[in-house]
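Student: Assembly of the complex is requested from the two constituent chains, each provided in isolation within its own frame, with the hints serving as guidance.
Single-letter residue listing:
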Amino acid sequence: MEERLYDLIFICRPATPEEEIKKIVATVEHACEDKDKGGKIEKIEQWGTRKLAYRVAKHREGYYVYVQIRTAHGELTHELERRLRVHDAVIKYITVRLDEDLQRQLKLTRRREKRVARKGRRQPAAAPAGGGEQTAAAS
Amino acid sequence: MAEEQKQQSQGTGGSGAPPRREGGPSGPRREGGGHAGPRREGGPGGGPGGPRRGKRQYFRKKKVCKFCVEKIDFIDYKRTEYLVPYVQEKGKILPRRLTGTCSRHQRWLGVAIKRARNIALMPYATSAAGVLPVHRQGPAAGHAAAPAPATATPAPSPTSPAPGADVPAQPKPE
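These protein sequence lines map, in sequence, to chains A and B. Here our numbering is used: the first residue of the first sequence is 100, the next is one more, and so on. Here our numbering is used: the first residue of the second sequence is 4, the next is one more, and so on.
Hint data in this document are derived by calculation from the structure and do not stem from the laboratory. Ideal Cβ placement from N, Cα and C applies to all residues, glycine included. Mixed in with the good hints there might be a few duds.
[Unchecked claim] Beta-carbon label-pair distances, calculated as ranges:
#1 A/R181 / B/Q91: 34 to 40 Å
#2 A/G147 / B/R100: 37 to 43 Å
#3 A/R159 / B/F77: 28 to 34 Å
#4 A/W146 / B/K65: 37 to 43 Å
#5 B/Q91 / A/H129: 25 to 31 Å
#6 B/Q91 / A/E102: 25 to 31 Å
#7 A/G147 / B/E92: 22 to 28 Å
#8 B/P98 / A/R196: 23 to 29 Å
Extracted from the complex, chain B is given alone in its bound form (with noise of 0.2 Å):
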């Protein structure tokens, strides 16, 4: 990122980009088949012509639906092994973005991981830690953590009564 900025700001500032705009289309097709070099300097801050906005250029690996692939037309929910990847380890499902999945078997997946849930085979939310410490701490703790779900981690539950000042019930069992 931050060569990209760097480059971004030569060739807006600098040399790079104004004269291959003047030059027509014939400067910038000659320079890019000769060079990769210059032509990758010149890229983002001159090639699009638009505003300074950085425009990433990373290479994203396209993500495939697995069910797609290996052909499933069922996601059976007694099967977890087949369900655990797509969720997280507090137990949450993870968005199609994450994943890859299609829509359609998003969906399904959905209704497999609910249904196992329903007979205790997947967790419906528990910390990242297991079951245990839902049980140690009382009700009190699972209401401290519901603010903060930002940091999953157990550390951060003890600091987290000091900004969330309106609570002071919350250093007494601890």
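Only chain A is shown next, with the shape it has when bound in the complex (with noise of 0.2 Å):
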């Protein structure tokens, strides 16, 4: 099965000790070890105390943790989600699927190289046009 790339965001309560933040990474990963439905966490990223555009749970402020997750087992993320949404600290999460949309950012970067190259070259269109829709199928 492919793998797939996630992010998943997650807001604590502003007032969460740090030793509970660490315990709640610490599930994460913990549920991202599994070997049956496992996968593997490329960034953990800990932004810190944000703002927050409007008032979840009666809270303006919250501790932002973001996690990057590379996994085929989509039932991952519904694992995941389902902790955080145990967890009291946890205000609010988000899981999004990233993979489609890098895919398609990089067919159109390798779109465009090909076709500065094309016009570099000043070839007639026809051979460089066949050869740009090969790749792009095969992206």
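Tutor: This is how it looks when you write it as structure tokens:
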């Protein structure tokens, strides 16, 4: 099964002690380490306390944690969300699938590079156009 | 605008336009080529020959999609600094006709903004002053603000109950 890339962001209450946050991160890591439905954590960033754009659970600020996960099992996200939901300190979370967007980005950048290269050579469009389509299909 | 209208009225009613048309192709060419002044005067009124309707001739700077210029293939919802210029103060997404974004990027932009909203990086819809007024005023105030969205400033809200006499409950909380 192909691997997918997910963004997981969750917001903790601003008053949460650091140990608590560490604990939550640890649970996330632990869930990812699972052998059957595990995944690989690509990135973990703690954005720290930020102002929220609107009130969430009567808070105007929140402690953001950002995790990027690569996994072949979609159920992992369900599991992570379930765990975050259970936590009292977490007031909001979101999971976004990123790989499709990134793939599209890759495709477009490649196409652009091709186009630039073609313009540089100043050849008739027929042959390079075929090549471009092939690469697009391949990617 | 006022000047243009005056010129138009002169052109249609007076001497400027008709002789030109009758004079054939040679006339206007000479005039146009020789002097910039007369051409400008006759232009709006006599030139098109159509109805008197004012054709606003102002130069509009052509808007270019910023994302196309910078060759951005992916708009990240996490980086709000890229999204903020395309959102009103209240949090509304600005239309394409105002920002000049191309359709493809506007589509991506919309998705990115909506994602950012979901995780409280961007506001959904708040009053221009910020989140505070919503908090202070009850739900009744929210209803009062809704019928008069054209004037977003907080000032009209006390005045609005007067025309909207059908809601007597509004003055009480204030």
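Student: Could you run down the list of hints and mark each one as holding or not?
Tutor: Hint-by-hint comparison with the structure:
1. A/R181 / B/Q91: 34 to 40 Å: holds (36 Å)
2. A/G147 / B/R100: 37 to 43 Å: At roughly 38 Å between Cβ atoms, B/R100 and A/G147 fall inside 37 to 43 Å, so the hint holds.
3. A/R159 / B/F77: 28 to 34 Å: Given about 30 Å between the Cβ atoms, the range holds.
4. A/W146 / B/K65: 37 to 43 Å: holds (38 Å)
5. B/Q91 / A/H129: 25 to 31 Å: violated (43 Å)
6. B/Q91 / A/E102: 25 to 31 Å: Violated: the Cβ-Cβ distance is about 39 Å, outside 25 to 31 Å.
7. A/G147 / B/E92: 22 to 28 Å: At 25 Å between Cβs, range holds.
8. B/P98 / A/R196: 23 to 29 Å: This hint holds: roughly 28 Å between Cβ atoms.
Consistency with the previously given hints fails for numbers 5 and 6, ordered from lowest to highest.
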